[in-house]
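Visitor: Residue numbers (my numbering), protein chains in the order written: chain R, 5 to 317; chain D, 11 to 450.
One or more hints might be untrue.
With a straight-line cut-off of 25 Å between C-alpha atoms, the simulated PhoX-like cross-links for lysine-lysine are [said to hold, decoys possible]: (1) R/K200 - D/K429; (2) R/K20 - D/K429; (3) R/K20 - D/K26; (4) D/K450 - R/K20.
Hints were generated in silico from the structure; no laboratory data involved. Given the structure is predicted, the values throughout are model-derived calculations rather than measurements.
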Amino acid sequence: MSNLLNISSSPHVRDKSSTKSIMWDVFLALMPATIFGICNFGIKAAVLIVTCVVTAVLSEYIWQKAMKLPLTVSDGSAALTGLLLALNLSSTFPVWMAVIGSVFAIIIVKQLFGGLGQNFMNPALGARCFLMVSFAGQMTSFTYDGVTGATPLAMIKQGDDSTRLVDMFLGTIGGTIGETCTLALLLGAAYLLVRKVITWTIPVCYIVTFAVFALIFGGHGFDITYLAKELCGGGLMLGAFFMATDYVTSPITPRGQIVFGILLGVLTGVFRIFGASAEGVSYAIIICNLLVPLIERVTIPVPFGKEGIKDGK
Amino acid sequence: MSEGTFRGGVHPYEGKELSSDLPIKAVTPKGDMVFPMSQHIGAPATPIVNKGDKVLVGQKIGEASGFISANICSSVSGTVKAVEPRMLLNGSMATCVVIENDGNYTGIEGLGEDRDYTKLTGDEIREIVKEAGIVGMGGAGFPTNVKLAPKEPDKIDFILVNGAECEPYLTSDYRQMLECPEEIVGGLKVMLKLFDKAKGLICIEDNKPEAIAKMETAVANESRIEVKVLKTKYPQGGERTLISAATGRKIYSAKLPADAGCIVDNISTVIAIYRAVCKRTPLITRVMTLTGDAFKRPVNVNVRLGCSHVELVEEGEGFKQEPAKIISGGPMMGFAMFDLNVPVTKTSSSILAMTQDEVAENEPTPCIRCGRCVSACPGNLVPQKMAVAATNNNYDEFVNLNGMECYECGSCTYACPAKRPLTQTFKQARQYVMAQRRKK
Numbered sequence: 005m006s007n008l009l010n011i012s013s014s015p016h017v018r019d020k021s022s023t024k025s026i027m028w029d030v031f032l033a034l035m036p037a038t039i040f041g042i043c044n045f046g047i048k049a050a051v052l053i054v055t056c057v058v059t060a061v062l063s064e065y066i067w068q069k070a071m072k073l074p075l076t077v078s079d080g081s082a083a084l085t086g087l088l089l090a091l092n093l094s095s096t097f098p099v100w101m102a103v104i105g106s107v108f109a110i111i112i113v114k115q116l117f118g119g120l121g122q123n124f125m126n127p128a129l130g131a132r133c134f135l136m137v138s139f140a141g142q143m144t145s146f147t148y149d150g151v152t153g154a155t156p157l158a159m160i161k162q163g164d165d166s167t168r169l170v171d172m173f174l175g176t177i178g179g180t181i182g183e184t185c186t187l188a189l190l191l192g193a194a195y196l197l198v199r200k201v202i203t204w205t206i207p208v209c210y211i212v213t214f215a216v217f218a219l220i221f222g223g224h225g226f227d228i229t230y231l232a233k234e235l236c237g238g239g240l241m242l243g244a245f246f247m248a249t250d251y252v253t254s255p256i257t258p259r260g261q262i263v264f265g266i267l268l269g270v271l272t273g274v275f276r277i278f279g280a281s282a283e284g285v286s287y288a289i290i291i292c293n294l295l296v297p298l299i300e301r302v303t304i305p306v307p308f309g310k311e312g313i314k315d316g317k
Numbered sequence: 011m012s013e014g015t016f017r018g019g020v021h022p023y024e025g026k027e028l029s030s031d032l033p034i035k036a037v038t039p040k041g042d043m044v045f046p047m048s049q050h051i052g053a054p055a056t057p058i059v060n061k062g063d064k065v066l067v068g069q070k071i072g073e074a075s076g077f078i079s080a081n082i083c084s085s086v087s088g089t090v091k092a093v094e095p096r097m098l099l100n101g102s103m104a105t106c107v108v109i110e111n112d113g114n115y116t117g118i119e120g121l122g123e124d125r126d127y128t129k130l131t132g133d134e135i136r137e138i139v140k141e142a143g144i145v146g147m148g149g150a151g152f153p154t155n156v157k158l159a160p161k162e163p164d165k166i167d168f169i170l171v172n173g174a175e176c177e178p179y180l181t182s183d184y185r186q187m188l189e190c191p192e193e194i195v196g197g198l199k200v201m202l203k204l205f206d207k208a209k210g211l212i213c214i215e216d217n218k219p220e221a222i223a224k225m226e227t228a229v230a231n232e233s234r235i236e237v238k239v240l241k242t243k244y245p246q247g248g249e250r251t252l253i254s255a256a257t258g259r260k261i262y263s264a265k266l267p268a269d270a271g272c273i274v275d276n277i278s279t280v281i282a283i284y285r286a287v288c289k290r291t292p293l294i295t296r297v298m299t300l301t302g303d304a305f306k307r308p309v310n311v312n313v314r315l316g317c318s319h320v321e322l323v324e325e326g327e328g329f330k331q332e333p334a335k336i337i338s339g340g341p342m343m344g345f346a347m348f349d350l351n352v353p354v355t356k357t358s359s360s361i362l363a364m365t366q367d368e369v370a371e372n373e374p375t376p377c378i379r380c381g382r383c384v385s386a387c388p389g390n391l392v393p394q395k396m397a398v399a400a401t402n403n404n405y406d407e408f409v410n411l412n413g414m415e416c417y418e419c420g421s422c423t424y425a426c427p428a429k430r431p432l433t434q435t436f437k438q439a440r441q442y443v444m445a446q447r448r449k450k
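Next up, chain D with everything else stripped away, as it sits in the complex (with noise of 0.2 Å):
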């Protein structure tokens, strides 16, 4: 079988033997547990706990409060300290659960028992998958259940699990392939029994050929079930690269997944998945690296929910050099962080500590419209004519050159010789057009 690929992209430097042969270690967290009640996209949750009240592990503790939305379950066991607003990663506040950790990680009834997915019904399954509150874990944090329930089920031809894992740096994924591919495909399964019609492809990059291997072992017996290697190229796991290396079908901003028959989830969501139907167990670990070349000891680890990043940070004995810059999640999407003492949520896919800050250190220069934007878009974007538009304040212009397909990769700025931030520049106009869009 061929490799599936895209046009554009391009090829930083991975830096994942860092950490791609630590084992995932298990994290006993001490502080207080922080829960923000806005950790996926759409509606924040409304917390159902009050101060002093007792919670068990997997308890819910708030309530989806809309369609888009979905519940939080506490990931520990003890008294609940205070509902307030606290600073998330991204610097802004929301409404949190804080619970007092009694470290006895007492679970609710059931949590943790076997449950046979095959006994369910398909709005049965959902209705799990949403009261466990599983988000997509990559990074967008949209409702799964949502996402399972499309408009038109008999129209989806494909399950797509994302293992490409294409950014820098993280190696999560590529350890949940290797140590636990059957929790994958079982995830895989019962999302398999919600649409009869559909194949479940794990796409993976071959820059990972022990997981390819791994998968490919335990896929062995699955009819409905194939393992699709793609080329190692940044950003094939963005969603619509992912779908047209996997399916050869294109979809564009306006467009769903399911509009090309295509669901995605990311490795992480489709273990989550399978443990909240199979495993009684709802949405409250995750497993995070922890890397870059600032901490002591890089190292995989699963986290329970609501743990504190500077907890996180002695996992990995503390940094060897005072990091210039921290990253939550990887290196060409992910967050930059000013202040460690935030709680993981489940969209944080690591923390990635750098000595060095390559965005300060290189110093925009003029733009010699060299075209190398243009060879990285993936979106088949024209970078530098967008920008010029977009820093004109020419907002129609931005449209026109077809701005608002941009998904923000960072590919354009990555490749950019000139060291002009495009993508921030993107960003900011697109935020802008969005609003305005908004307010019509």
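Just chain R, same shape as in the assembly (with noise of 0.2 Å):
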């Protein structure tokens, strides 16, 4: 044989999956509550949407040219972060606070953190948490059918029970673009489930735990109805399945996704109950962004064979 051959040390195959189809995967998963999103609050939602994803793919382009770093804009993670930014906006949210939102969550969040993979907390979060300390009224003002209102989740806390447990589960109410349909984002979260993006762990410990609190905290006894209310009102489905399962802001280890999953529940409890805000879901899952180094430090597996062998001997 003249020529040499390629060589390189074992395995030499790999999965066909790439962080690039993971982050369309997500991203095609969150089409249903876009487009219902769309559907819902109309041409404003679409021009939100475009832009926060259009302004975070530039960031990401114009920082990664400017740094003089490998371009990686088309692994669809800025692109990502636009939209679940957007999502996470009222429709009637000023374009332009939508773009300093989006520049944020990329520059400040992702980028000056180490860029993919690096970053603490979910970038997406992280800006709109920045963005309701700079601009509360425009966030927490929501408009539905031109009726400026609170959301059923605040109506719910301040003891009026009006709105139907039908129209929070198909999302035909005041909120978040994409927040408001149950069933659009459940959609998406099986579609991720199947396609086995996420697993079931950290969404489903945060759902029941924060069902657990609520039945127990939540003042209303034993109903059911005040129940399915809670969990289909406000960010909760949106987070438990599209952010709280951020990879690079929770935990890799098993057993750190239950403690992180089951904080989240508790903390979004505390929050929706005692809190002044009937909204708890981004704070929640900020908070617990920040436990995921000392979560996964205190949840290391035990290897192969060592089950029930103390100090590895």
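Both chains come to you apart, so use the hints to assemble them.
Guide: Here it is, written out as structure tokens:
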């Protein structure tokens, strides 16, 4: 054999999936909620979504160009961050503020910490909280069918139980663009579970813990309708399936994911029931993101065959 | 009976259909035969022939030089042309006995004659296995006679015959199960004679229904032997995963299979034991799969050890397309060859010629912490964190993260969507840590 052959250390084969395919799977899974959001809130929602996605992708592109880094915008992670941020905004949110939010998400939360895989909190949620602090009024003003009013979740907190559960499930209510339709979100979540992009651990632990917490401390006793409304309302479904499961900012250890889910459920319950606002998902996820290194440290799995053996002897 | 399995693992493309239906074909080598003195784990054998000596088929040409070492026997008759360093498959040099094949295949006295194993004592059987130069033919090359002499023979409850063949593409064990089941059962019976209490389990993955049926028929009248069906998943044929799936017992790095009351041997090794004990034939041949999409005609072959890979490739009628990569062994743990001009050894299980090099085609991208490596790891480790520790040269952290429990199966690297070279990192880190430990 005259020419030299390629050599490398084993293994010599690779799975077909890639970072890009995973990102686009999540993007696709968000499409039902996105399309519903546009139908529900109209052209304004579409403008916000496009703005956020384009700004996020451009921010990453310009940053990487300026810093002479390899261009990675085609992996879809920036576009996904933009989409998630848009879905977390009210349809009446000013476009220029959304631009600021997208830039903040990509540059401050993601790139300044080292880019893809290095950010310590979910960029979209980081930006949402940043916008919440900066533009509280615009962030919490929700208009539905031309009427500006409180979200159903806030109404429940004030003791007004008039919103129908079926409306909350189908999403024909006020709220952020992507959070209202539980059905669309569950469709997307099912796709991610089937494609094995996410596992059930974090969302199920999160939702079950929150449900138990709400039953005990919610002050409504064992009221299934109240519970169902708490689950469908606000950002819980969007958060549990699409943001708490963000790979970079959730624990990688199996037991850590259970701890993370339970912690999220408790914090969301505390914020929603005892806090000033009716919402709590974003802050719960952000706080738990910060706890991930600690959670991982104490949940390193026991290696195969060493179960029940102390000090590894 | 429920199918045995384990947590973790991956499902790579199997590729076995390329060669699974092709009968084993005997190869008659023409060129010089090269016998490396080091084709097993442990001390290299000492050559006991000199240039100009006449040798016969089955004649011992290398003598085991320590407790963990193995004899080497000639697979042809002819004249010793040289005893000199030659290159091995992994690129290293080792002393080799080079024999000019006279093409007559004149055997030593008694070669191939029947022998009744029931009249032999355990020690005699172990001695025959040792003389025959039998080592684990699945890839590790551990001397089999040492394996058959555990410290506490009474505690051996199971002899596992590893027919999982979980590596993609390989079909040599599968073909042997179809073509010579009686030799496998025969070899297992010899081993069972050494351990009165033990039960023989022939472990086969459920993607080989014909082999399962064949082996079940072959053991129908054997009270001490059973066929154990395992779920198809890589690395089912790994020692630790196999023991756990077949018996429910678990071992880790510091334990031997014998600590779990098990002895594990691969299909080819068990056949080698049968031939050595019952047919007076030392280990001089092995079955290999020549496969991959670059071969014109994939084939399963019975090869005389020492034959050059160049000659073997011609058995597959050469390549239809220039291969991008040639691997000795399976794609998950096999060794990429840079030159074919090296001899077949006891542990060469295949020549896998691929037209595409998936490693070169997939540039690593940043880790997104998706956790697929954690789900894939059969050792219950956290490859993502181990890789961070290892690349930062933080070996204490690597060890704390149980990095030394890794047995480099490659599942994490296979599963990684960011195409990161995890296993490769661990190999280096583990070698470094082991070297440091030896220094102490």
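Visitor: Next pair to validate is R/K200 with D/K429; report whether the Cα-Cα distance is within 25 Å.
Guide: holds, 18 Å
Visitor: Is the straight-line distance between the alpha-carbon of R/K20 and that of D/K26 25 Å or less?
Guide: holds, 19 Å
Visitor: Is the straight-line distance between the alpha-carbon of D/K450 and that of R/K20 25 Å or less?
Guide: violated, 44 Å
Visitor: Taking 25 Å as the top limit, are the C-alpha atoms of R/K20 and D/K429 close enough?
Guide: Holds. R/K20 to D/K429 sits at ~10 Å (cutoff 25 Å).
Hint check: a violation occurs at hint 4 only; the rest are consistent with the structure.
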